[in-house]
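Sequences are here, hints too, so could you generate the full structure?
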Amino acid sequence: GVPVVPVAIHGSASVRKWKKLVLPKVTVQFGEPMTFPVVAEPTRDQQLDCSKEVFDQVKRMYTALDEKGRRGVKQALREKVKAPEPGRTIEP
Numbered sequence: 042g043v044p045v046v047p048v049a050i051h052g053s054a055s056v057r058k059w060k061k062l063v064l065p066k067v068t069v070q071f072g073e074p075m076t077f078p079v080v081a082e083p084t085r086d087q088q089l090d091c092s093k094e095v096f097d098q099v100k101r102m103y104t105a106l107d108e109k110g111r112r113g114v115k116q117a118l119r120e121k122v123k124a125p126e127p128g129r130t131i132e133p
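Letter by letter, the sequence shown follows residues 42 to 133 in our numbering.
It is worth saying that the hints were derived from the structure and are not from the lab.
From a predicted model like this one, the values you see are computed outputs, not experimental measurements.
Backbone N, C-alpha and C fix where the C-beta goes; we use that ideal spot for every residue, glycine too.
Treat each hint with caution, since some may be false.
Simulated restraints on C-beta separations [stated by the list, open to error]: (1) Val48 / Val122: 14 to 22 Å; (2) Val45 / Val67: 20 to 28 Å; (3) Lys115 / Thr84: 35 to 43 Å; (4) Lys123 / Arg85: 36 to 44 Å; (5) Thr84 / Lys109: 31 to 39 Å; (6) Arg112 / Ala81: 26 to 34 Å; (7) Ala117 / Glu82: 35 to 43 Å; (8) Lys61 / Thr84: 30 to 38 Å.
So this is what it looks like as structure tokens:
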């Protein structure tokens with residue numbers, strides 16, 4: 042199968058109400074790709090399990106944007122991927 046990339050879109054509700062010269066801020070955040078095992082004929086429950094996992098991730102991302110704001114999420118992501126200390130390597 043192909044990877045599924047969860048995407049959270051925050052602030053799009055205000056797009057409908059925008060006025061001239063005042064564009065609303067919309068944030069689009071892409072999550073880490075998710076992979077699922079290939080199943081020839083998946084059952085409805087298997088499909089729902091995969092969908093739930095993807096939507097749960099989108100909900101976590103959206104909630105973080107809602108609570109921390111764009112800058113807070115951006116800072117948290119940067120801290121998560123900080124460079125290693127000198128002399129140390131990043132393991133894949």
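Hints and how they fare:
Separation of Val48 from Val122 is about 19 Å and conforms to the stated range, judged on CB atoms against 14 to 22 Å. One distance hint, 20 to 28 Å for the beta-carbon pair Val45 and Val67, holds here, with the actual separation near 22 Å. The beta-carbon spacing between Lys115 and Thr84, approximately 39 Å, falls within the hinted interval of 35 to 43 Å. At about 42 Å, the CB distance of Lys123 to Arg85 agrees with the hint of 36 to 44 Å.
In this structure the supplied range 31 to 39 Å holds for Thr84 paired with Lys109, their Cβ-Cβ distance being about 38 Å. Evaluation of the 26 to 34 Å hint for Arg112 and Ala81 yields a failure: the beta carbon distance comes to about 45 Å. The hint said 35 to 43 Å for the Cβ distance between Ala117 and Glu82, and at roughly 40 Å that hint holds. Hint check: Lys61 to Thr84, Cβ distance near 51 Å, so the stated range 30 to 38 Å is violated.
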